[in-house]
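Using the sequences and the hints, build the whole thing.
Protein chains: 2
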Amino acid sequence: VLKLKLYSFWRSSCSYRVRIALAYKGLAYEYVPVHLTRDGGEQHQPAFRALNPQGYVPFLVDGDFGLSQSLAILDYLEQRFPDPALEPRDAQARARMWAFCLAIAADIQPLQNTGPVTYLTQTLAHTEEQKAAWIRHWIARGLAALEAGAGAGPYVMGAAVTLADACLVPQWYNADRWQVDTVPFPKLAAIVARCRAHPAFAAASPERQPDAPAPA
Amino acid sequence: VLKLKLYSFWRSSCSYRVRIALAYKGLAYEYVPVHLTRDGGEQHQPAFRALNPQGYVPFLVDGDFGLSQSLAILDYLEQRFPDPALEPRDAQARARMWAFCLAIAADIQPLQNTGPVTYLTQTLAHTEEQKAAWIRHWIARGLAALEAGAGAGPYVMGAAVTLADACLVPQWYNADRWQVDTVPFPKLAAIVARCRAHPAFAAASPERQPDAPAPA
Numbered sequence: 058v059l060k061l062k063l064y065s066f067w068r069s070s071c072s073y074r075v076r077i078a079l080a081y082k083g084l085a086y087e088y089v090p091v092h093l094t095r096d097g098g099e100q101h102q103p104a105f106r107a108l109n110p111q112g113y114v115p116f117l118v119d120g121d122f123g124l125s126q127s128l129a130i131l132d133y134l135e136q137r138f139p140d141p142a143l144e145p146r147d148a149q150a151r152a153r154m155w156a157f158c159l160a161i162a163a164d165i166q167p168l169q170n171t172g173p174v175t176y177l178t179q180t181l182a183h184t185e186e187q188k189a190a191w192i193r194h195w196i197a198r199g200l201a202a203l204e205a206g207a208g209a210g211p212y213v214m215g216a217a218v219t220l221a222d223a224c225l226v227p228q229w230y231n232a233d234r235w236q237v238d239t240v241p242f243p244k245l246a247a248i249v250a251r252c253r254a255h256p257a258f259a260a261a262s263p264e265r266q267p268d269a270p271a272p273a
Numbered sequence: 058v059l060k061l062k063l064y065s066f067w068r069s070s071c072s073y074r075v076r077i078a079l080a081y082k083g084l085a086y087e088y089v090p091v092h093l094t095r096d097g098g099e100q101h102q103p104a105f106r107a108l109n110p111q112g113y114v115p116f117l118v119d120g121d122f123g124l125s126q127s128l129a130i131l132d133y134l135e136q137r138f139p140d141p142a143l144e145p146r147d148a149q150a151r152a153r154m155w156a157f158c159l160a161i162a163a164d165i166q167p168l169q170n171t172g173p174v175t176y177l178t179q180t181l182a183h184t185e186e187q188k189a190a191w192i193r194h195w196i197a198r199g200l201a202a203l204e205a206g207a208g209a210g211p212y213v214m215g216a217a218v219t220l221a222d223a224c225l226v227p228q229w230y231n232a233d234r235w236q237v238d239t240v241p242f243p244k245l246a247a248i249v250a251r252c253r254a255h256p257a258f259a260a261a262s263p264e265r266q267p268d269a270p271a272p273a
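These protein sequences, in sequence, are chains A and B. Under the working numbering, the first residue of the first sequence carries the number 58, and numbering increases by one thereafter. Under the working numbering, the first residue of the second sequence carries the number 58, and numbering increases by one thereafter.
Check each hint, because a few of them may be wrong.
To be verified - Here are the simulated distance ranges between beta carbons: (1) B:208 <-> A:96: 27 to 37 angstroms; (2) A:136 <-> B:247: 24 to 34 angstroms; (3) B:121 <-> A:137: 42 to 52 angstroms; (4) A:120 <-> B:171: 35 to 45 angstroms; (5) A:140 <-> B:181: 40 to 50 angstroms.
Keep in mind the hints are simulated off the structure, nothing from the lab. Cβ coordinates follow ideal geometry from the N, Cα and C atoms, glycine included.
So, in structure tokens, the structure goes:
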């Protein structure tokens, strides 16, 4: 019986993180698209707000349990479906993995999220170019710190794929989307390339989602 | 032997979260102040960047292990010093607790952090009033969603203090600091008042830290 349901938007990097974990763990789920820009944003409609008062995707439903926040969802999936693992067993390695995830989820992504950048252009009347410069600034600053702390690979935490990789690849997608110069981040680039070759990461990619626009 | 060391700034809400957990668990630690605005920010100096390439506080040192990111630190402390507990045992309750923490740590705090608001005033030449309006907007939006999802108390997750309370109280401190109208959030206000009466929360408060300025 299919019991997992994911409210997602194809281009949402936070949704993308969760899709990677679901695919890596081989979990089937119902994909419920929530269009973040059409009609002022479907995430603001009463039906979705009743589910998630924050009005954000992703939102996971597991039977009668609903959960917001991509990192909470990732950890919940790990506890519920531990095999194959996406968290290190060692406590210090696990803590460092979360620090990496949070450096993306708390320090980069929020600043390039739809809400803040819309505030920049609408409330503060900035140009699209100023908006893009803001986004590029925070992505580049964040990736520079992660590059400085990066190990030898092949994945963020070493030999095995973890949730850190599931956070890095979607952030890198946004870096590409906003034309951030990623040449200064060769270690991260190598990890991303390796991840992208993995079928789970490929299946979770934005352009492979049901709500992605057809190729031009 | 004193082995825990916390790099902290008295007014940093992320440092404040960790101080609450340390005090609640009764853990002694060495307090290392990092002044976030003096001399362009001590967190940007080479010695601190060598420790934490992100250049943020808090940063925890446990013996020869160093860890950044307040939520990663909170979870690490919970695994390392599980008693008294600050995380629910039930997997779903624990996941909801993390979702609450992340709604603050990923959706509110990053937008009122020193870096972004300095970008608003310096790079984008906004006024202090526009900066304050931006900060108030994101705090109010975030707290409104948390109020909508809040339970009956006495604490965020019900009967027991958890890491959700350790995230809420510092965010509320910032709401007060920026004069956010908190009248629309009576459930959260009641939880905060209850927490503030707890000795651990009181001991962790900004004005009680060694680097806090003397009262005027």
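How the hints compare with the structure:
The given range of 27 to 37 angstroms is respected by residue 208 (chain B) and residue 96 (chain A), whose C-beta atoms sit roughly 32 angstroms from each other. Separated by about 31 angstroms at the C-beta atoms, residue 136 (chain A) and residue 247 (chain B) satisfy the suggested range of 24 to 34 angstroms. The hinted range of 42 to 52 angstroms is not satisfied by residue 121 (chain B) and residue 137 (chain A), whose Cβ atoms lie roughly 34 angstroms apart. At roughly 42 angstroms, the beta-carbon separation of residue 120 (chain A) and residue 171 (chain B) lies within the given 35 to 45 angstroms, and the hint holds.
Checked against the given bound of 40 to 50 angstroms, the beta carbons of residue 140 (chain A) and residue 181 (chain B), roughly 48 angstroms apart, stay inside it.
Violation of the numbered hints given earlier is confined to hint 3; every other hint is satisfied by the structure.
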